[in-house]
Amino acid sequence: MRPAVRHLEAAGGGAAARFPPIGDYALIGDCGSAALVARNGAVEWLCWPDFGSGSLFAAILDRERGGAFEVGPTSAACVHRRYLDGSVVLETRFETATGELRLRDCLAATAKGGSDVLRPEHLLLREIRCVRGEVEVAVRCAPRFDYGRRAAAARDRGPHGVFFSDRGAVVVLRSELPLTLRDGAAGGTARLRAGQRARIALAFGRGEPVALPLLGEEADRAFDDTLAFWREWSARCAYEGPFRPHVLRSALTLKLLTAASYGAIVAAPTTSLPEKIGGVRNWDYRYCWLRDACFTLRALFELGYMEEGGAFFAWLLHTAHESRTRLRVLYTVMGDSPGRERELQGLEGYRGSRPVRIGNAAENQLQLDLYGELTAAAYEYVRRGGRLGPSSARLIARLGERVCALWQRPDHGIWERRGDPARHVHSMALCWVALDRLLAMARDGHLCAPASRFARVRDDIRDAIEQRGRSCGTYTSLFDGETVDSSLLLLALYGYVAADDPVMAATYRRIRRELAHDGLFRRYRSDTEDGLPPGEGAFGICSFWSVEYLARVGRIEQAEDDLARLCALSNDVGLFAEEFDPRDGSALGNFPQAFTHVGLINAALAIAEARGTRPRADVARQGPVPPRGERPQAAERADEL
Amino acid sequence: MIDLAAALGWGAAATAALSVVMGASQGLGWSRMSLPYLIGTMFASDRRRAMQVGFLVHAVVGLVFALGYALAFDAWGRAGPWVGAGLGLLHGVFVLVVGVELLAAIHPRMATRHEGPVARRRLEPPGFLGLNYGRSTPWVTLLAHVAYGAILGAWYPVA
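In order, the protein sequences belong to chains A and B.
Be aware that the first sequence starts at 1, since it is given in the working numbering, and climbs by one per residue.
Be aware that the second sequence starts at 642, since it is given in the working numbering, and climbs by one per residue.
So that you can see chain A by itself, here it is in the shape it has in the complex (with noise of 0.2 Å):
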């Protein structure tokens, strides 16, 4: 983790710093919404009432229409920022030449149960403390509703707060510094002095009264509350391996990233954040990745969140099961298509990335790869002890049926090139993985599966592979290729080969010399046509692969000095974007990244099993727990499946 470096932030700002670096940002959340805090203290990312809703702050995609909502010093300040321990309650620290204020920050956690109290869909709740001194503070809530096209209707309903309502969505800003409406934004300025403290809370409802955000002691009481639940989350991580703070703080950004209601973890809480500065690769990744499955619940059952892994593994079989076993690509948290990819116009873009986008287009696309994906998901769960109902297990069998009349198919491959489709390995591998898996689920008597016949179409994509996807004696990307790409060290992740094969292990190494540069991985050669202008930085889960291969060879040292420098690339607070730019390490694409903090924990996990080191005996020998969601529908979903 990067230390605070302390910067010298003017309230305001020059052109050149109009738009944070990304990897300024922290995340907050409720699991179920997240929001993004710049070093200034200003929200300038919040999507209510999910995660793929429009947008109500979204300066980080345009400064002036976007929406922002800014709490801070308005002189020029010192920043330091942390996450409370065990937390993901921000704490931003703002010495300026007059004093220093303490500003909190967190989406706060719905009670379960016991209370007699009405509770606000989302609540976002902000505290400003002058803890030295005197300093001015400025607020400026301006929201902005759907990707800042409309603006809010605003009123100033006097003690019940400012209403910013929007076609049946309403926002109520409460505050105990004096706000004015103006200009359809609430704000004001304020001096406090040390000791001095305020609170200012943020309410959403849509459809029905909304439950007035509270201010005084039961803001007090609701920040304790989600204090309390988040340390209460993190003392149940059972890992005690090393790099276990970054360990921690990345099953957290997972945490926060679930939509608990449903059981889906989504891929990132940002659209377009681009994979490079000015271009057009960017990206809606506000939706559930299939193929992050496997890794994704190896990584919660590992970590002692069986309960989480339960639910996710319940998520993944109600879209596979709606699906009909013709898998798509990514879901929105309830399992169903996120629509047609589209562009927003006016929209400025972050650093002038044009265009946005929301929805995405690669849910269409035929990958092949899912099918393994989800078949090593099932076989990793009732390998902890998970049992498959009677339609489940027809289901993953059902995957398999697919994969012997799909499996000569060219596709888009894992990167979802927007190309022609083609013959990729990796696809094939995965293929492989999918009948493997199903055989043992076969032979341990999870499911009932055509065996033979199974067997013969694994074998024969085995042969294939081995006589097409391989040049000069290493795998390949493409079938009769002769270029590597970064996917193929999930080969030997997957078990297809084993990690110390002579040609597992040159390909291994060609990877290394042709796609990394000081650790970073790309995915693939910069010259290599996917169909868009070249430019993207290096993949934080390529790099984190390739610390798993390191650990699983036994090459452990190299793993943990490679996993050390990639740890220290995280931000002031310990998260990850998708990519990084090779140049100086700087976070680029959305962020923070479910599938880079993913390839954390499971390079942390594989040096840790390399070392010996176990999880913690209490926690890990618990198997998975039955899906039982914060809402019961996931539970209810799985009995059904």
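These are computed hints drawn from the structure, not numbers from a lab.
Errors might be hidden in some of the hints.
[Unchecked claim] Chain A regions said to be covered by chain B (calculated; three or more residues, Cβ under 8 Å):
id, stretch
1, 165 to 174
2, 266 to 279
[Said to hold, decoys possible] Which stretches of chain B does chain A cover? Using the computed rule of at least three CB atoms under 8 Å from a CB of chain A, they are:
id, stretch
3, 661 to 672
4, 708 to 719
5, 743 to 757
6, 773 to 787
Treat the numbers as computed from the prediction; the structure is a model and nothing was measured.
We put the beta carbon where it would ideally sit given N, CA and C, even for glycine.
We have chain A; now place chain B onto it with these hints.
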């Protein structure tokens, strides 16, 4: 003599129509007025539970009002959609002018108009004519009640 079965049967249909109009207006973002939610939160703080209780109580209230409509039709010796719609309009005006104010006064979880919310009383009050819940709220509420009355008036058999 009131036709109880017809009053309750058509009352159920009219209540369903009223709920559809109100629900559609919520879904379309025209109004946040939700009578089941407002009623339900008198009894429960959990949103889901409140909606369940609220729908039940609202349905019962809809049937009780249907008996009142039937009594009125029988007393006048005539019904029909226009008569029913007129009665529904009066009903809607009463709900908006008196009903929501009364609800705000007796609701145990609703914030009072002139004071800030507290832990046990934090539900947004409706304001005059329910306008706090959206500018279209009066019109939607009137439309829903007119539909309620029109259905009862059209199909209730006057003795």
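With a cut-off of 8 Å between beta carbons, are at least three residues of the stretch 661 to 672 of chain B near chain A? Holds: 6 residues of the stretch 661 to 672 of chain B have a Cβ under 8 Å from chain A.
At a Cβ distance under 8 Å, does chain B reach at least three residues of the stretch 266 to 279 of chain A? violated (count 0)
Closer than 8 Å, Cβ to Cβ, for at least three residues: run that test on the stretch 708 to 719 of chain B against chain A and report holds or violated. Coverage by chain A is violated here, the residue count being 0 at a Cβ distance below 8 Å.
Taking 8 Å as the Cβ threshold, is the statement that the stretch 743 to 757 of chain B is covered by chain A upheld or broken by the three-residue rule? holds (count 5)
Proximity test - 8 Å, beta-carbon atoms, the stretch 773 to 787 of chain B to chain A, at least three hits: Held - the stretch 773 to 787 of chain B has 3 residues with a Cβ nearer than 8 Å to chain A, which meets the minimum of three.
Coverage assertion for the stretch 165 to 174 of chain A with respect to chain B, Cβ distance below 8 Å, three residues required: Coverage by chain B holds here, the residue count being 8 at a Cβ distance below 8 Å.
When each numbered hint is compared with the structure, violations occur for hints 2, 4.
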